[in-house]
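Participant: So the sequences go chain by chain: H and P. Each step along the first sequence adds one to the number in the working numbering, with nothing skipped, and position 11 is 11. Each step along the second sequence adds one to the number in the working numbering, with nothing skipped, and position 48 is 48.
Hints listed in this document are in silico derivations from the structure and should not be mistaken for laboratory results. Mixed in with the good hints there might be a few duds.
Said to hold, decoys possible - Partner residues aside, some chain H positions facing chain P, computed with beta carbon under 10 angstroms:
id	residue
1	F34
2	G41
3	E42
4	G43
The C-beta atom is built at its ideal place from N, Cα and C for all residues, glycine as well.
Listed here are the chains, written in short residue letters.
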Amino acid sequence: GNSVTQMEGPVTLSEEAFLTINCTYTATGYPSLFWYVQYPGEGLQLLLKATKADDKGSNKGFEATYRKETTSFHLEKGSVQVSDSAVYFCALSVQTGANNLFFGTGTRLTVIP
Amino acid sequence: DAGVIQSPRHEVTEMGQEVTLRCKPISGHDYLFWYRQTMMRGLELLIYFNNNVPIDDSGMPEDRFSAKMPNASFSTLKIQPSEPRDSAVYFCASSLGPGPQYFGPGTRLLVL
Chain H
1 GNSVTQMEGP
11 VTLSEEAFLT
21 INCTYTATGY
31 PSLFWYVQYP
41 GEGLQLLLKA
51 TKADDKGSNK
61 GFEATYRKET
71 TSFHLEKGSV
81 QVSDSAVYFC
91 ALSVQTGANN
101 LFFGTGTRLT
111 VIP
Chain P
1 DAGVIQSPRH
11 EVTEMGQEVT
21 LRCKPISGHD
31 YLFWYRQTMM
41 RGLELLIYFN
51 NNVPIDDSGM
61 PEDRFSAKMP
71 NASFSTLKIQ
81 PSEPRDSAVY
91 FCASSLGPGP
101 QYFGPGTRLL
111 VL
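With the rest of the complex left out, here is chain H:
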């Protein structure tokens, strides 16, 4: 089936630290992969995406590379800021006509000054 396994949180980092949030997936078919971010009290926002193997999605200093060989899509940022505190969701969709997303459980990140 289709599923996403995400690193359990919460994650607490100091400002300017390096961030990695692990995400692995299983999929029937050829998935597109996404990272969404949810700030407190808000809806989910698309952070970045990758649609084929070896693609790198990037946005706001965050990056993730679609690794087919390891079925992974780990989220990284070189230097986090307090404003990055949020919940991060990894997700996949399979291009079979349906368009539903399969979400991971979310990882809460807190960045302290």
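Starting from the structure of chain H, add chain P where the hints point.
Facilitator: Then chain P, alone, in the frame of chain H:
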């Protein structure tokens, strides 16, 4: 573009009352999704539509929940009768074809 619009943003009601949540998708999008988010269960897909037709409602928890999409610019999620365990944040999202989904700000529902 205004993005996905949801109303109300907050709803407090008493057990047994009917609750109607509303969603206006992004203009031109042909998919619409309803999700529920709770601390215990995380983010759950309830139902989604393609071109106003329900495609998969397997996530709808029980018969008390119903969803409609009478036209391309409007959808409702109704709970009748509501129960305290329905308390959650309900999100609507829309997408164009297989593209990424864009989420609304959510409706925070509290059933007393």
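Participant: Confirm or reject each hint.
Facilitator: Verification of the hints:
no.: 1; hint: F34; result: holds, 6 angstroms
no.: 2; hint: G41; result: holds, 8 angstroms
no.: 3; hint: E42; result: holds, 6 angstroms
no.: 4; hint: G43; result: holds, 4 angstroms
Taken one by one, the earlier hints all hold for this structure without exception.
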